[in-house]
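Protein sequences appear in the order of chains A and B. Under the working numbering, the first sequence has 440 at position 440, and the numbering climbs by one with no breaks. Positions in the second sequence are counted from 1; adding 618 to them yields the working numbering.
Since the hints were derived computationally from the structure, they do not count as laboratory data. We put the CB at the ideal spot given by N, CA and C, even for glycine. There may be inaccurate statements among the hints.
Derived Cβ-Cβ restraints for the label pairs, each shown as a range [what the hints assert, rightly or not]:
1) B:Ala1188 to A:Lys233: 56 to 62 angstroms
2) A:Thr364 to B:Ala973: 48 to 54 angstroms
3) B:Glu922 to A:Lys15: 57 to 63 angstroms
4) A:Gly121 to B:Ser1115: 47 to 53 angstroms
5) B:Glu922 to A:Asn511: 51 to 57 angstroms
6) A:Lys15 to B:Ala973: 56 to 62 angstroms
7) B:Pro957 to A:Gly386: 55 to 61 angstroms
To give a feel for the contact side, a few chain B residues facing chain A, derived at Cβ under 10 angstroms [unchecked claim]:
8) Gly707
9) Pro757
10) Leu798
11) Arg964
12) Asn1204
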Amino acid sequence: MPAEIIETNSTPLKKVEIDPVTLDLIENALRNARTEMDATLFRTAMSPGIREQGDAFPMIADAKGRMIVGQFGSFLAGFLKAYDGAIEEGDVILLNDPYSCEGAISHTSDQLVIMPVFRNGRLVAWGAMFGHMTDIGGKVPGSLPTDARSIYEEGMRLPPVKLYRKGELQRDILNIACTQSRMPEWYRADLHAIVAACRMAGRRVDELCDRFGDDVYHSATEELLARNHRAMKHLITTMIAEEPVTFEDYICDDGLGAGPFKIKCTMRREGEKVILDFAGTDPQSESSINFYLNENMLKMFFGIYMIMVFDPQILFNDGFYDLVDVRIPEGSLLKPKFPAALSCRTHALGRIFDVLGGLLGQKTPQFLNAAGFSSSPHLMYSGVGGDGRWFQLFQIGFGGIPGRPLGDGPDGHSLWPGFTNVPNEFLEKYFPLVIERYESAPDSGGAGLNRGGNGIHMTYQVLEAGTISIHDDRWFIPPWGVNGGAPGRRSRKIIERQDGSQETVSAKVDNIHVAKGDRLHFITWGGGGWGDPLARDAEIVAREVRRGLVSVGGARAYGVVVSPSGALDAVATERLRADMRAERNELPLFDYGPAIGKLREQCMAETGLAAPVQPSWT
Amino acid sequence: MTYRLGVDVGGTFTDLLLFNTQTGESWRAKVPSTPDDPSRAVVEGARSICASAGVSPADINSFLHGTTVATNAVLEGKGARVGLIVTTGYRQVLQIARSFVPGGLAGWIVWPKPEPLADLEDTLEIGGRLDARGGEIRPLDDEEIRATLMKLKERGVEALTVCLMNSYVNGVHEKRVGALARDVCPEIPISLSHEILPEMQEYERTLTTVANSAMRPVVGKYVRNLAGELRALGVKGRISLLRSDGGLISAERAQEAPVNLLMSGPAGGVAGALWVAKSAGFKDILTLDVGGTSTDVALIQNGEPRLARTTDVGHLTVRVSSLDVKTVGAGGGSIAHVPSLTKALRVGPQSAGAAPGPVAYGRGGDQATVTDANVVLGNLPESLIGGAMKLDREGAIRAVRKIADEIGVGLYEAAQGIIDIANENMFGALRMISVQQGYDPREFALMGFGGAGPMHANAVGALMGSYPVIIPNSPGVLCAMGDATTRMRTEIARSFSKRRSQTSDDEIAAALSSMAAAAREQLAAEGETERDISVRFEIDMRYFGQAFEVPMTVDIDAFARGGGLARLTAAFDAEHRRLFTFNMENEPELVNLRTVALGKELNLPTVEIPKGDGDSYRAKMRDHEIWIAGGAKPAVIYDRARLRAGDRIKGAAIVIEMDATTLIHPAFDAHIDAFGNILISPQ
């Protein structure tokens, strides 16, 4: 049964003629409204994950649930189809079960708040936002158990419930939800903040309807969707070939010793429609790395990549959805069957962007970027402090942005929109930590005419015994380079114990005990390089040696010889470059690094970890 | 007789306003700016305004100046070469920044990352380390520091910054490095982060301090040149600069902390608006300062402008208090364009600037701008600046027609569309500082100034519901007026970080009173008389665990008497609910204490204009026609100089003066108040 919307006013909204200026006014006003949602959230949320880092995403949709502003596309269609009940004015829906909304949110850590906006008894819009809560219970602090075999191990699972019913807060529900969390204060504050942001959206839509009239507002949203449809249609027919192109990339492992897992996508155009087919993607994993990919969300990712280059001022919305056909095989890593575990889906979610980039770039060089920081590595650190209080940190790490047609990839930056790092002085003040190093890892960005961004080398010294969890990837399969650029370096995690011993920590792991004084080195991966490294200005390479971004040894990947102090040896460089040119083959479009078999052979020697075992499915 | 001279240096013009402090009589002047050395235009302007007023420069006892010299140093990358000393492990603090990539999903593909303000090659590490409570983890090594300083000196850095981890709690290590630097390289100016910004967050503190260092040599040179030339001209009085927070600072101190001058220019506009509003009897004002390339807006409530804790210039965001001025790229020179893909009409942020300028200026511009649209509609009927320049209406029509054809509408519809979108951008900025902060714009008047503010203020006021719309006298030189009419100000802040249950009324009273003494001392050192100094206090509040604070004004006596904390907590709860619709159960935390000391308030007599008989006929120049609200409407053109107090004007009308043109829409009435301000309200 689809959701039943209770409207007390049965007059339908009318489609009226709308002039282009009014349309632009409403477009801008909605854009501002979205910014206001973010501002409200950041000013009132409490967890560093949402507040400092920005792991939350707002949306305003039309009455039919189509996204007018936002960035991940509408998550409402799935919800509306699956919700078996009535929705009335003053209701606010809360849910976190991906299986209850067709993957609109993709793991239980994301709490989704949906608020219908009514006016004069009619539904005119939806405000919605989801945010990643630091803890929602379950078997490990942070609620992202790597070894979960089903969603039942991944903490609280809420189907769509009414957090507010006709304007009344349902305290029982709030209390039940908070009680599941190891950080109930943060859960409560963050949820309040998300609801306040949705209310802000509701207020702004209401004001717009006041100013222009309900029918004009309604017609404007229709036209905004139509405008987006026209723009995308033009882009698709001119930029995408009918002949299929295929690209594949990998998740390194599943945290249980198996890997890598392939994500494969084939893109082609049929008339004005583009088809993205994930046939050939590996089956679902036993562990929690599955990513329940919502088709609409993928359409939005695809559309944004397309539009970004041509009119970045355009408002992304759902208008073009019927131009994109997404096919994902059932039971695959990207459409696992219930009750598959989903909590650690961040790696597959991120990898989708590298796959999209690789697909679009093959035929349209203006889109081609190297592989990059396509995930968000997590660190959890928790325990009981000297004051007897429970502390729990959830931190998202950053790394190297890929080499780009535009230029070098920035070092230690975020590919995720709106994310920022946590100030280290903040970490030191509120957690038992000393951050001894927060710098980029030299040479980790792939060599290229445009260098890949370096990953980050962050060293934590823990001041209280506790446990840590790590969620990371790209430790086994390198981030690829393009147009002759080299792959970036892979990620590493090393624990230095107080006794001086060192151990390499695997990429996906929970419940590692740390003692007071232990050090964790969390080194993220670099972005792939773009273009021929031998063509990079040798002076720039020498300067980057002096800046500590490239080592003296690392400069040789560019065919550049520098002294230990970073002075360029132009003659030696010329000679080295000539030798390298003579010896090398034609530059490949994609440089993936060694083949998987080779990577397995060298794994222990190069990474300090056993190679993952080829997964098998029966 | 004594005089105050206010000078505002803009991109195109340098504006001057001279006040007789006994009579309140004033003179204004506008001279072309000299961007290569802005002090030339200042001195030239000062010379000419003194001549036309028949005043000797020796009688100017206060020279007050809003300057964009610091701003331009940042925007044009002309700051000094800065050497940066950081804690081991943090060399790349500016390289990594906050890891933030603007532009939304896939924004990284097209984002050009700005270069750090201090070159990584000029950034070196030292080993000393403090913890988050200020305790020493690793001591300093003087020899290492001396070697580091020598290395930077040899590299040729022109200014030095020290920013060490956790120095916001304890500046002892930074102080030691500073002392050694004065020994090793006494000729290089040095900025210590715990002095410039004693706040948590290493990136923001480093950036702010480096920005300060980068501006020091440029600002220092400018101030010294200016002072020298003014002295040579015969000016004997005090020379002060306007800070971003709207207060004055002596030219000497400005040189040490130029990061406080980044919003000096726009702050003059807000200060000017405050002055006008006070005399005209308005306390709640939104300001709309429309220039050639951008529009600055600010909010004044109960006679106090809102302050922001950060200052944004270009891609630089520094943690320095400034008047909460929002800037949008919408001005008279903003260019209209139609991207081929979407066929949407966009206006700005690209601008034709002063050169080539709008098509109508006939200086080679060929793209339709907001000014051209105003010319097409008839809103700008006459020549600008008192007849010196003739507008090329035919050229404007050609340019706007091109836009009209691209979006498939008529000429006038396209021109109106351009104006509407520019107005909407200004409206968006005003919303950010009003509605978004919980203020209802309908409770505010709107003051329009700057070269193009009076043209757009009526329309924007109607969008906001803010009345009356006030057009002050000499709207084009209001910034200079602000410079001339503000007072000395200093601010001392310290981080406190205690929950309500961890502190007491007594502790707060003691802390505030010692800060007040220090602030008074600073102003006294700048020549302010002790009894003229007034002090007030603010405490930044949040619920424990939140990261953003809400600044609350407090009364020190309430803490001294007892009950201050209880009152503060209740007021904070109310403010949080107003801003964010909810309260929290967490204990409130007192994050920062702040003391603001103010010098003597200027008490200038305000000059009333002659009273008329209520009829504006004597100021009428001619009948005219404008295109507005979907059709041609008759409009009368008036000469502002001939308007009298009490006059009423029925819209549609256009009022012309030397430096601006005011548009009054149909269905609106204007009333001239006793001081000559035009007050526009709906009929």
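Comparing the hints with the structure gives:
Checked against the hint of 56 to 62 angstroms, the C-beta distance between B:Ala1188 and A:Lys233 comes to roughly 58 angstroms, which is consistent with it. At roughly 38 angstroms, the beta-carbon separation of A:Thr364 and B:Ala973 lies outside the given 48 to 54 angstroms, and the hint is violated. Take B:Glu922 and A:Lys15: their Cβ atoms lie about 48 angstroms apart, and the range 57 to 63 angstroms is violated. Between A:Gly121 and B:Ser1115 the Cβ separation comes to about 49 angstroms, which falls inside the hinted range of 47 to 53 angstroms.
A C-beta distance of roughly 55 angstroms is found between B:Glu922 and A:Asn511, which places it inside the suggested range of 51 to 57 angstroms. The hinted range of 56 to 62 angstroms is not satisfied by A:Lys15 and B:Ala973, whose Cβ atoms lie roughly 47 angstroms apart. Between B:Pro957 and A:Gly386 the beta carbon distance is about 59 angstroms. The supplied range of 55 to 61 angstroms therefore holds. Checking B:Gly707 against chain A: minimum C-beta separation of about 4 angstroms stays under 10 angstroms; hint holds.
Of the supplied interface hints, the one on B:Pro757 is violated, with its beta-carbon coming no nearer than about 16 angstroms to a beta-carbon of chain A, more than 10 angstroms. At its closest, the beta carbon of B:Leu798 sits 24 angstroms from a beta carbon of chain A; the interface hint therefore is violated under the 10 angstroms criterion. With 10 angstroms as the threshold, the beta carbon of B:Arg964 comes within range of chain A, its nearest partner Cβ sitting at about 6 angstroms, so the hint holds. With a least beta-carbon distance of about 7 angstroms to chain A, the hint placing B:Asn1204 at the interface is held under the 10 angstroms criterion.
Hint compliance for this structure: hints 2, 3, 6, 9, 10 are broken, all remaining hints hold.
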